[in-house]
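Engineer: This is what each chain is made of:
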Amino acid sequence: DAGVTQSPTHLIKTRGQHVTLRCSPISGHKSVSWYQQVLGQGPQFIFQYYEKEERGRGNFPDRFSARQFPNYSSELNVNALLLGDSALYLCASSPRGDRGLRSPLHFGNGTRLTVT
Amino acid sequence: AQSVTQPDIHITVSEGASLELRCNYSYGATPYLFWYVQSPGQGLQLLLKYFSGDTLVQGIKGFEAEFKRSQSSFNLRKPSVHWSDAAEYFCAVGRGRDDKIIFGKGTRLHILP
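Same order as they appear, the protein sequences are chains B and A. Each step along the first sequence adds one to the number in my numbering, with nothing skipped, and position 38 is 38. Numbers in my numbering are just positions in the second sequence, counted from 1, shifted up by 116.
These aren't lab readings, by the way, just hints derived from the structure by calculation. Don't take each hint at face value.
Chain A regions said to be covered by chain B (calculated; three or more residues, Cβ under 8 Å) [what the hints assert, rightly or not]: (1) 160–173; (2) 215–228.
Partial selection, computed: residues in chain B whose CB lies under 10 Å from chain A [to be verified]: (3) GLN6; (4) SER27; (5) GLY28; (6) SER31; (7) VAL32; (8) TYR35; (9) GLY40; (10) GLY42; (11) GLY56; (12) SER94.
Quick partial rundown of chain A residues pointing at chain B, CB under 10 Å, derived from the structure [what the hints assert, rightly or not]: (13) VAL120; (14) GLN122; (15) ILE125; (16) PHE150; (17) TYR152; (18) GLN154; (19) GLY157; (20) PHE206; (21) CYS207; (22) ALA208; (23) GLY210.
We put the CB at the ideal spot given by N, CA and C, even for glycine.
The task is simple: from the sequences and hints, build the whole structure.
Structural biologist: Printed below as a string of structure tokens:
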């Protein structure tokens, strides 16, 4: 079975540009979450989407936005990139259902974003 | 506010030796607790989780963790490490209402041959 897939794997952008990161969840998983992992730190929660609705938001500026599509895939968008946005962006999926965090999160390998 | 503290940034152990990675959390209710492992260039893999019940939980790859409410701790243990265990280990806490998990800063495990 395919795991969580993210694209692209690596990306280099310039300050002020916009970026779109993509995530395909495991088949049957309806919840997608996004995390930012800065070098040397643990991942930080950005968003959760379940059934195409936002279910949670972390402490990130409005430059960060996301959406989930009818096939449950998701995009993370970041506008007006700053040097500090350089990080590994991780996507995680879970079946969610009514089990909340009892359904384990399955993480992709991430997109490495470098802002110059 | 919820938080997770992993006091050891780096730990080095010899192959075959026992391992304990420390984790303390701050949370106002019964937490959902996790340990994840991350190899270089990889995503996060769940080692084990605690929601309720038996405070000693078994995970994959021979790892176990013990939840101690009185100490707000959830330490990870392994009786005998293998060279392939070298990686970064993250302790995390969640509240269960959504998929928001708060991670510690991680402990990097080095294995001596």
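Engineer: None of the hints should be skipped; say for each whether it holds.
Structural biologist: Taking the hints in turn, this is what the structure says about them:
| no. | hint | result |
| --- | --- | --- |
| 1 | 160–173 | holds (count 5) |
| 2 | 215–228 | holds (count 8) |
| 3 | GLN6 | holds (8 Å) |
| 4 | SER27 | violated (17 Å) |
| 5 | GLY28 | violated (16 Å) |
| 6 | SER31 | holds (6 Å) |
| 7 | VAL32 | holds (9 Å) |
| 8 | TYR35 | holds (8 Å) |
| 9 | GLY40 | holds (7 Å) |
| 10 | GLY42 | holds (3 Å) |
| 11 | GLY56 | holds (4 Å) |
| 12 | SER94 | holds (6 Å) |
| 13 | VAL120 | holds (8 Å) |
| 14 | GLN122 | holds (8 Å) |
| 15 | ILE125 | holds (9 Å) |
| 16 | PHE150 | holds (8 Å) |
| 17 | TYR152 | holds (8 Å) |
| 18 | GLN154 | holds (9 Å) |
| 19 | GLY157 | holds (7 Å) |
| 20 | PHE206 | holds (5 Å) |
| 21 | CYS207 | holds (9 Å) |
| 22 | ALA208 | holds (7 Å) |
| 23 | GLY210 | holds (5 Å) |
Hint compliance for this structure: hints 4 and 5 are broken, all remaining hints hold.
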